[in-house]
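Asker: Spelled out, the chains give:
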Amino acid sequence: MKNRDITLHINGEEYRLNVAVNRTLLDVLRDELGMTETKYGCGTGECGACTVVVEGKAINSCLTLAATMDGKRIATVAGRADFGRLDHIQQAFVDEAAIQCGYCTPGMVMKTASLLATNPDPSEAEIRHALEGNICRCTGYEKIVKAVKKAAQTMPGRAVAVEPCKEVVQ
Amino acid sequence: MSSRILPDFDLLLPQSIPEAVELLSTHRERITVMAGGTDVMVAMKFAQSPAKLPEFVMSLENVPGLGYVLFDPEKGLRIGAKATVAELLAQPDVKRHYRALWHAAQTFATGQVRNTATVLGNLLRASPAGDCSCAIYAIGGVVVLHGASGRREVDIDDFWLSYGVTARLPDELAVELILPPPAAGSRSAFKRMTRTSEDLAKLNVAVRLEMEGNTCVDARLAMGCVAPTPLRLTKTETLLKGHELTPEVLQRVAASVPWEISPIDDKRSTAEYRKQVSGVLLKRAIQDACGAA
Numbered sequence: 003m004k005n006r007d008i009t010l011h012i013n014g015e016e017y018r019l020n021v022a023v024n025r026t027l028l029d030v031l032r033d034e035l036g037m038t039e040t041k042y043g044c045g046t047g048e049c050g051a052c053t054v055v056v057e058g059k060a061i062n063s064c065l066t067l068a069a070t071m072d073g074k075r076i077a078t079v080a081g082r083a084d085f086g087r088l089d090h091i092q093q094a095f096v097d098e099a100a101i102q103c104g105y106c107t108p109g110m111v112m113k114t115a116s117l118l119a120t121n122p123d124p125s126e127a128e129i130r131h132a133l134e135g136n137i138c139r140c141t142g143y144e145k146i147v148k149a150v151k152k153a154a155q156t157m158p159g160r161a162v163a164v165e166p167c168k169e170v171v172q
Numbered sequence: 012m013s014s015r016i017l018p019d020f021d022l023l024l025p026q027s028i029p030e031a032v033e034l035l036s037t038h039r040e041r042i043t044v045m046a047g048g049t050d051v052m053v054a055m056k057f058a059q060s061p062a063k064l065p066e067f068v069m070s071l072e073n074v075p076g077l078g079y080v081l082f083d084p085e086k087g088l089r090i091g092a093k094a095t096v097a098e099l100l101a102q103p104d105v106k107r108h109y110r111a112l113w114h115a116a117q118t119f120a121t122g123q124v125r126n127t128a129t130v131l132g133n134l135l136r137a138s139p140a141g142d143c144s145c146a147i148y149a150i151g152g153v154v155v156l157h158g159a160s161g162r163r164e165v166d167i168d169d170f171w172l173s174y175g176v177t178a179r180l181p182d183e184l185a186v187e188l189i190l191p192p193p194a195a196g197s198r199s200a201f202k203r204m205t206r207t208s209e210d211l212a213k214l215n216v217a218v219r220l221e222m223e224g225n226t227c228v229d230a231r232l233a234m235g236c237v238a239p240t241p242l243r244l245t246k247t248e249t250l251l252k253g254h255e256l257t258p259e260v261l262q263r264v265a266a267s268v269p270w271e272i273s274p275i276d277d278k279r280s281t282a283e284y285r286k287q288v289s290g291v292l293l294k295r296a297i298q299d300a301c302g303a304a
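Respectively, the protein sequence lines represent chains Z and P. Going from the first sequence to our numbering is simple: count from 1 and add 2. Going from the second sequence to our numbering is simple: count from 1 and add 11.
These are computed hints drawn from the structure, not numbers from a lab. Watch out, some of these pointers could steer you wrong.
Below are the DSS-like pairs computed for lysine-lysine, each with C-alpha atoms no more than 27 angstroms apart in a straight line [to be verified]: (1) Lys56(P) / Lys4(Z); (2) Lys246(P) / Lys294(P); (3) Lys151(Z) / Lys59(Z); (4) Lys246(P) / Lys286(P); (5) Lys63(P) / Lys278(P); (6) Lys278(P) / Lys59(Z); (7) Lys4(Z) / Lys106(P); (8) Lys252(P) / Lys286(P); (9) Lys294(P) / Lys278(P); (10) Lys56(P) / Lys59(Z); (11) Lys152(Z) / Lys59(Z); (12) Lys86(P) / Lys252(P); (13) Lys252(P) / Lys294(P); (14) Lys56(P) / Lys74(Z); (15) Lys59(Z) / Lys145(Z).
Use the sequences and the hints to build the structure in full.
Answerer: Below, the structure written as structure tokens:
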């Protein structure tokens with residue numbers, strides 16, 4: 003049996019698929035479902051460009067057989083934006099200019115999402131430890147670390163002092 | 012050979028340990044067992060020859076009840092075959108009682124790999140560079156194997172036979188690892204040297220010491236990346252046992268290490284460098300273990 007029927011729950015949508023057993027989760031996302039937001043980098047679990055969150059845990063989709071993911075809930079970076087409106091993590095990466103070529107960003111954002119889900123207020127050391135499996139070849143990581151800090155500060159539901167809105171002068 | 016394309020194979024997804032053992036008995040060497048898959052997937056992508064590729068990959072994904080990390084002060088620590096490195100780190104007793112293993116797990120690969128890779132998989136890969144393997148070798152323990160003819164335990168001292176080869180028979184499934192319960196004066200530490208945090212170690216070392224005051228009653232010293240398999244430094248251990256840990260003793264211990272190891276030149280380091288730093292790293296691990304109390 004070199005193909006298997008699986009059901010994946012990707013960003014809240016159900017997908018019933020028949021996949022070849024030697025296809026990775028990344029292959030299926032990109033090539034079969036056209037969800038190209040998750041990137042192929044090294045293919046060996048070192049660069050983190052292919053990071054997706056499966057059942058709440060960030061993993062390398064390039065090292066995961068799709069056929070073993072039957073019934074799993076999978077989150078990719080595209081699922082974070084709400085009708086084109088970026089979420090707080092994506093917005094923090096934009097605001098802190100933590101993106102240059104952008105290739106590592108989907109993985110960085112998903113790893114950040116899994117970090118903040120378990121540790122809503124990480125220290126810089128914790129952020130750097132969490133991101134050690136995400137390689138960026140453009141930046142010096144400084145802005146990415148700042149973006150993660152900002153994402154933590156701007157997480158919805160977090161009690162923070164908010165500046166009052168300035169009145170719009172017509 | 013490609014990092015993108017996996018070779019052709021058939022996937023087996025047993026639903027229980029007996030079914031997995033039955034499949035292993037039928038297909039034997041033609042099966043590669045996969046738990047987390049972080050090693051197996053890379054090995055298949057970069058296999059040197061078609062002869063090294065498996066006909067079947069048997070995933071443990073659907074085998075229930077193997078994801079545990081259970082601590083009992085009397086019996087020790089039991090780690091199931093599907094327990095990931097991240098799950099090991101999440102068990103607070105590991106940090107308290109098995110410090111070398113906790114530290115090895117913490118520095119192991121990356122967050123994404125720790126979420127997928129299993130502790131037993133690290134032992135079964137039988138790489139001389141395995142961080143968890145090194146720590147487990149120093150702590151001691153037994154690997155539990157289930158085969159067609161029943162259950163057997165293999166002491167970790169007898170588990171690695173050569174590079175990439177373990178005592179597991181082709182029809183056996185490794186189901187758990189059992190570490191000994193912590194003794195009163197027992198302490199352990201782990202150290203590694205590498206280029207960036209996610210690289211494989213160029214050298215790693217773990218120690219477990221049984222102390223009475225400042226005197227070392229018993230010692231297990233393990234070093235990685237210095238032989239075809241993780242290595243016990245048994246001769247160096249004798250220089251510690253029964254001795255007070257004075258600077259002179261530590262100096263003798265450090266000086267003994269290069270005579271006991273046989274490192275090679277590879278892309279991560281050179282034999283010469285490894286010999287130079289091996290004694291110092293061991294000494295620091297001993298000091299670290301004692302300082303940790």
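Asker: Now, for every hint given, state plainly whether the structure supports it.
Answerer: Quick rundown of the hints versus the structure:
no. : hint                  : verdict
1   : Lys56(P) / Lys4(Z)    : holds (18 angstroms)
2   : Lys246(P) / Lys294(P) : holds (15 angstroms)
3   : Lys151(Z) / Lys59(Z)  : holds (20 angstroms)
4   : Lys246(P) / Lys286(P) : holds (16 angstroms)
5   : Lys63(P) / Lys278(P)  : holds (23 angstroms)
6   : Lys278(P) / Lys59(Z)  : violated (32 angstroms)
7   : Lys4(Z) / Lys106(P)   : violated (43 angstroms)
8   : Lys252(P) / Lys286(P) : holds (23 angstroms)
9   : Lys294(P) / Lys278(P) : holds (25 angstroms)
10  : Lys56(P) / Lys59(Z)   : holds (24 angstroms)
11  : Lys152(Z) / Lys59(Z)  : holds (21 angstroms)
12  : Lys86(P) / Lys252(P)  : holds (25 angstroms)
13  : Lys252(P) / Lys294(P) : holds (15 angstroms)
14  : Lys56(P) / Lys74(Z)   : holds (24 angstroms)
15  : Lys59(Z) / Lys145(Z)  : holds (24 angstroms)
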